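Residue numbers (UniProt numbering), protein chains in the order written: chain A, 1 to 252; chain B, 1 to 252; chain C, 1 to 252; chain D, 1 to 252; chain E, 1 to 252; chain F, 1 to 252; chain G, 1 to 252; chain H, 1 to 252.
There's no promise every hint is true.
[Unchecked claim] Among chain H residues calculated to face chain F with C-beta under 8 Å, some are:
#1 V33
#2 A208
#3 T213
#4 T217
In case anyone wonders, no lab produced these hints; they're calculated from the structure. Please read these numbers as outputs of a predicted model, since none were measured by experiment. We put the beta carbon where it would ideally sit given N, CA and C, even for glycine.
This is what each chain is made of:
Protein chains: 8
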Amino acid sequence: MADGRIDGLVTLDLDRARRRGAPEAVLCDSKSVAQVSAIAAEYARLIAAATPAADGAPADGAGPDGAGRSPAPLGPILFTRADPDRAAAILAHLPDALWDEEARLLAWPAEPPAPTGGLVIVACAGTSDLGAAREAELTARHLGRPTRLIADIGIAGLQRLLDRLPELREAACVVVAAGMDGALPTVIAGQIAAPVVALPTSVGYGVAAGGVTAALTMLSGCAPGIGVVNIDNGYGAGHLAAQIARWAPGPA
Amino acid sequence: MADGRIDGLVTLDLDRARRRGAPEAVLCDSKSVAQVSAIAAEYARLIAAATPAADGAPADGAGPDGAGRSPAPLGPILFTRADPDRAAAILAHLPDALWDEEARLLAWPAEPPAPTGGLVIVACAGTSDLGAAREAELTARHLGRPTRLIADIGIAGLQRLLDRLPELREAACVVVAAGMDGALPTVIAGQIAAPVVALPTSVGYGVAAGGVTAALTMLSGCAPGIGVVNIDNGYGAGHLAAQIARWAPGPA
Amino acid sequence: MADGRIDGLVTLDLDRARRRGAPEAVLCDSKSVAQVSAIAAEYARLIAAATPAADGAPADGAGPDGAGRSPAPLGPILFTRADPDRAAAILAHLPDALWDEEARLLAWPAEPPAPTGGLVIVACAGTSDLGAAREAELTARHLGRPTRLIADIGIAGLQRLLDRLPELREAACVVVAAGMDGALPTVIAGQIAAPVVALPTSVGYGVAAGGVTAALTMLSGCAPGIGVVNIDNGYGAGHLAAQIARWAPGPA
Amino acid sequence: MADGRIDGLVTLDLDRARRRGAPEAVLCDSKSVAQVSAIAAEYARLIAAATPAADGAPADGAGPDGAGRSPAPLGPILFTRADPDRAAAILAHLPDALWDEEARLLAWPAEPPAPTGGLVIVACAGTSDLGAAREAELTARHLGRPTRLIADIGIAGLQRLLDRLPELREAACVVVAAGMDGALPTVIAGQIAAPVVALPTSVGYGVAAGGVTAALTMLSGCAPGIGVVNIDNGYGAGHLAAQIARWAPGPA
Amino acid sequence: MADGRIDGLVTLDLDRARRRGAPEAVLCDSKSVAQVSAIAAEYARLIAAATPAADGAPADGAGPDGAGRSPAPLGPILFTRADPDRAAAILAHLPDALWDEEARLLAWPAEPPAPTGGLVIVACAGTSDLGAAREAELTARHLGRPTRLIADIGIAGLQRLLDRLPELREAACVVVAAGMDGALPTVIAGQIAAPVVALPTSVGYGVAAGGVTAALTMLSGCAPGIGVVNIDNGYGAGHLAAQIARWAPGPA
Amino acid sequence: MADGRIDGLVTLDLDRARRRGAPEAVLCDSKSVAQVSAIAAEYARLIAAATPAADGAPADGAGPDGAGRSPAPLGPILFTRADPDRAAAILAHLPDALWDEEARLLAWPAEPPAPTGGLVIVACAGTSDLGAAREAELTARHLGRPTRLIADIGIAGLQRLLDRLPELREAACVVVAAGMDGALPTVIAGQIAAPVVALPTSVGYGVAAGGVTAALTMLSGCAPGIGVVNIDNGYGAGHLAAQIARWAPGPA
Amino acid sequence: MADGRIDGLVTLDLDRARRRGAPEAVLCDSKSVAQVSAIAAEYARLIAAATPAADGAPADGAGPDGAGRSPAPLGPILFTRADPDRAAAILAHLPDALWDEEARLLAWPAEPPAPTGGLVIVACAGTSDLGAAREAELTARHLGRPTRLIADIGIAGLQRLLDRLPELREAACVVVAAGMDGALPTVIAGQIAAPVVALPTSVGYGVAAGGVTAALTMLSGCAPGIGVVNIDNGYGAGHLAAQIARWAPGPA
Amino acid sequence: MADGRIDGLVTLDLDRARRRGAPEAVLCDSKSVAQVSAIAAEYARLIAAATPAADGAPADGAGPDGAGRSPAPLGPILFTRADPDRAAAILAHLPDALWDEEARLLAWPAEPPAPTGGLVIVACAGTSDLGAAREAELTARHLGRPTRLIADIGIAGLQRLLDRLPELREAACVVVAAGMDGALPTVIAGQIAAPVVALPTSVGYGVAAGGVTAALTMLSGCAPGIGVVNIDNGYGAGHLAAQIARWAPGPA
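All chains, please: the whole structure from these sequences, using the hints.
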């Protein structure tokens, strides 16, 4: 079907919500402003056409079995890694979207679905990791999970982390964002029963510049129960966490 | 408490089953045969001392809340990356353990617990990835999940993969083992709703030697929903999958 | 012969069309505007001198046997990786050249030769790969092949690719541009009989930044029939595809 | 169909000859002797079952359009990177296969098909590159092309290369194998009209050890018309060359 | 002076004890058995010649000011990274040296000097790090410090580390040996006031193989107070720790 | 305790001076101006609240034994890697702090504590290393040590170094900053008895760009007695040197 | 002696001309404008003080034996890698220096010494390498050699190189600058008797970006007689060539 | 001419002595024993045929101009990197060749030519570098230079180096072999007027393993006048040194 295909530019994966339980997101930072604008316009057109079906049909309702859904829901649409110029281009077409500058994320609709499943906690090692952490949190929230953010519990001051362990143990999945040495996910994974999504960030300098050292550390962690995503990929971390927490009991 | 501490050699983390819901595993390949033997002997001693408590107390029962468990269960003990010499040293002390040579894994008790939670499928791209895949499958099974192995569905012949999609969609978590280009996890993740644990293997030569290319590809995958573990870390992949599938409904 | 040698600056390889069947291209991005301008001026001078011989003599006509051609044809002249400043400097001397900003390419004459040989299809994984893809397509077209561009068929949504397979099977050579995980060339090569030219792009971030991961994946692809070019080298990919498709039957 | 699927071990891609014009090859060096033996046995079984259909049906006849072929031909079967132990295991099941120890390749049937298409020349820089070069040559020959090998024309003694240029210009495709600095493909590509398949080898020491430097050089070559394959991937180079030369006129 | 110079083979740095407060050590693993033997023989000759002066003159007594010492003491001579063959060659000339196989170290005289200065504690993350840890401990001890070894307190089970903090706080310098993710030095440095010498080990596999990941993590540690030495350089770590602890008050 | 925790932004480690003998420093360059400003404001608030306790209580007085200190001293607060914008934001809250632009460091109080312990000398190889060297010197001084800076004694002109050896031998610890080949720390360590802290800098180009070559050289130095810190980590180098020199006798 | 030492900033190596036969050069690009200015001012002061001795005393006259020279000659002073700002700062103090913007080099005095020794030819592969090539040529000329520059003879068009071989064979030393694949030095070294100084440049993109591939190729070259310098180190290449050509007979 | 071409195996570059002033050498370690044997046999055949012309015609006599020489001299033939098996195969055909096991080099004739040109000194940092150093020395000697070897003057004990400076200043070219940190060439180059050939060796462990760190350090050296060769390439270093010293006055 021709919906979602724009000239020689883009083919939206409108089937993804049915197939995967979460719709496609648009990665903005390697696209031109004009390309991003054209994609937002197409989504606006699709939303206008599908409006009656879209509300009341949470994308998350599409399960592994999700046969027979029709028409495709236009549930949470996410635009990731959007700088202010790209955000403005999107908001011109989707004026009621949410724009979180720190997370560089836009979400439509602005209101996340009512949360279901287990709690996703996003913890970060330092203040500088907040951008990626916030992207992860918003992604998980707009994919339908209850979320919480815990900032600045890096391992140089272990007490800050130990103080938060009871809270961390409430989560069905913990995303841990860290740059520099990237050691925090291993320490947390060793203390809790829930899976950890390790999110290396590009925060650092010298041999830690760009986040490769953090990524290597996280892959090498001696505690099992850790899955690593790409450096600064807060969206991927939040998406995976939302999937992991899907079936878990909600927070007390 | 002195249980599990051997002179200046090792301090077993006997609290881990209570804290994490799965006990510590012993990584054998960087330990000497004598070191491995001493550790197996200590476990044998602990098993002898704790036998009445161990049966009937599935390790997996220890949840995030799992307060008040006592005494610590000696549930599934795993020895990983064990070559035949180290395996023999272990079996001398734990003669009724399971020894899977392809997976280089020993499990005590030999019988896995009755499966609970969602199905874990381990898929591998090629015949050469079977060792790591089997390590992942056995780990998930001995941590209490129902498991299945699907071999040789690499992307060079896409039909082999498409034929298995219905099966893959039954899983609560899919571990995907691949060497060479490491592209299989992305393709599978894009087609299913469950999370994917990507397991790079050291299978390959030239620029793919050692598995680093596969690991990079998996971290860079453009489909969200993938968590990557270290190269050849079948144990870690299986452990994470068992955690992820814990709360999911079982297979039909 | 002194034609094409400018002071201590450049020695044009005017013999290349006779020797290789395709003329030299000028890589602009590491040259100063003044250097690019001087080269364009020399070409303008040569064109003025050679005009009667140049039209009607398609560069592609020079085959491996191409002995006795005289004088050297000034067939399609390409300027690659040209930013707007360099493009302006070139157009000042060659005002009727084609300037494609997305491909950063200038071609003189603006009109490509009448197409001969097999169809070259350029496929790209995402919208962000369009620049390199377009450079490849224009190069192949100006070297004399029929071409087509297929955008945004990345493997995260396999159906988009499967829908296009019949079209891809019409090609005598397929150029596949991809950044991030770079897995698309392997998937396509496994499904078609024609050779694939894999074109890694620098699209990506984290461990995929700069395109090295994509290049490694493409070199490691488990499907044979793939030749890889340098990252973002759309010109090289299009050139190689034009050579490969030279002898194949044209599209139906 | 169940043909070609062995327990949980392997799924042969028997459709490949129809789909791609060349059948699957079996990479031996990361498989155990037992695995290789089981695969050879399955092929022997398939050959016995299909013998009437196999002769007279050259695998190469399957073109991009190749619709309606039935049943699948069991044309040239290749086993690559086979050491003497694996070769012996294969020959036990396929006793009339060809075994070339230098190329580490087995081919069944031993006799290549009658050559069609353009000439494939395999050139190598030094004596030490002969193994990979020979693997490339045998692959192209068993996929149906006329082939020739030119040894030891490295660029340290340019005259040796210049002497062979007329011969190299007869080829429809030239595979160039080189280790150390890997510069030979660029020099040759700059002198001929046919495409070059660059085959880096692991020959070298110091910064050239393992072939990565050669691969980087080949990707960076300033002459267009080069497609690079993985280090030591003689099979992939020969396969690609056979595809490229398919439509070209045969040697005089 | 000609003492310590052997033909064209070696020039012993006999002045080092006076200049640096600790004598030269002989790195064995890149020397042939014959070379090691010749060096041991020269030391035996020097010991025989200097015996009256050597006893009673602790090498450590040579301070930054250490003017006027004469003649140079032949205090603790260390041979590092010695396998059994090289050890045997040394013991043939210095039969009363100490040979510690796990540390691959020989020390002459076998008895360390009476300890002075602050306590050096060597902690290691896992059982597999014991070789490097033991080399560090013996080096510090033979350079004159009181020492202690704490094994297997990796961060996957934080309690094991927290239990030992009071002990670690007694040290004037802590050497921390770790492979895999190499995160232990940062965690310890964040909890104590004494400097930490971080000793990465080559224990690990996948991206942690060879110890580079551990070294990078240690250099990137977000807690200050860490100095890193080369991978597996237990000798260097112990030497630095002995220097650091020189002026500190001794253990209670 | 709630002091030092700001909303979801930062958790100051106010216990560090008691625990480690030196307070936390704030790394500015990966934080936004607003984040830095909020942290400085919180410190200003704490200083205002704690003023009576802060003066007269040198942070350095907190030793390994330092039990029972109360309340926590607000001794030297350091802000590192601060550009002019961030510095201005800090000075707005802490107007009497010291701002050293070359070192990119702010210190409060501006006046360092009265020096105790051994002399810390910071030596640098070239003029371009002065920024990192100065950061190290100021850090050591504000943590309570006597310090001195020796500039431009790189090994290309050995005499410049030899002239300064008597001075270098006065130090209880020498920090050596070098970029390019990073060879200076080894040369100095080989000539003195005190420990050397090697500080690689990002000064250099080509293969030395970014400082990785310098870091590798320093880790590989054949003279023992060297601890390496991260590239450009002048703060870490100065902190470690201050810890090392703590117990040494002061300069004559 | 205090000449050449400026506060805590720089220690000029004024003895170098006597010791090495060529004076120190000032690397500008990692120094601030103020630092460069201070150094130029000190040189201006030294020149003013030494003027009577400086003219007529070519620096090159100071040979290995050059004992007894007094006072030190202030022969050719070079400032390398100087951008326009730094150049202006230098020219403010040394207004009659030569400033070559393409080479980013300043030389005082502007007039090179009368040439002695063998001819130094600087050849470069492409137009983009001219900056580094020109830096090498000017350095060799100001250190006293006759020089010549040959541009744009890259190996993609071998004839351009073969045409220049007679000229290249006149040289006592050839500097070869190349980026991208860096193959030119090997080709030239294989054809001439004089030593080759290989100068990798940062010209290139993709895997050739930054010049590392060119450097690796040059180190791996299969023709002996090549010494490699750092990427873009035209000064080092020219200096080495001047030393090599010192004793050779001059050009005919 | 057919001399020197063996079937499809090798094409000897017999013209090299005339063209380059030094004949081709045979790199043995990546060739099979049979290949090496065939090459040695061909040389033996050529020697037998050419004997009358060979004596009295030193290869080195062929200068850059060396026109009109006939027939080609079979001067010093070198076989490099030959293990005992390959050496035995060579000696079977050339029984009077010299075999130096430490250098892994064979030379025919065994007697080097009478030395001409300047002195080549080969210095090495440690005992472990002697193999590469000896290969360099023998190569330079058999190409006609006077040579000397200075062992074990690494920079950890600077006095050992300073003691030898007068000797080093006698050389027309100094080859400096070093592994580990590779800092020795810079220190030596800074003290002498002659060019330095830097020879990194693979001696080392940890981050220095394989010699890459040494190579990087040598390329980054801040003293000009250094040309670097590949790791362990003693032959290349000796060849380059022989070329450099060709025109220099001989030792006193």
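Results for each hint:
{"no.": "1", "hint": "V33", "in the structure": "violated (36 Å)"}
{"no.": "2", "hint": "A208", "in the structure": "holds (4 Å)"}
{"no.": "3", "hint": "T213", "in the structure": "holds (4 Å)"}
{"no.": "4", "hint": "T217", "in the structure": "holds (5 Å)"}
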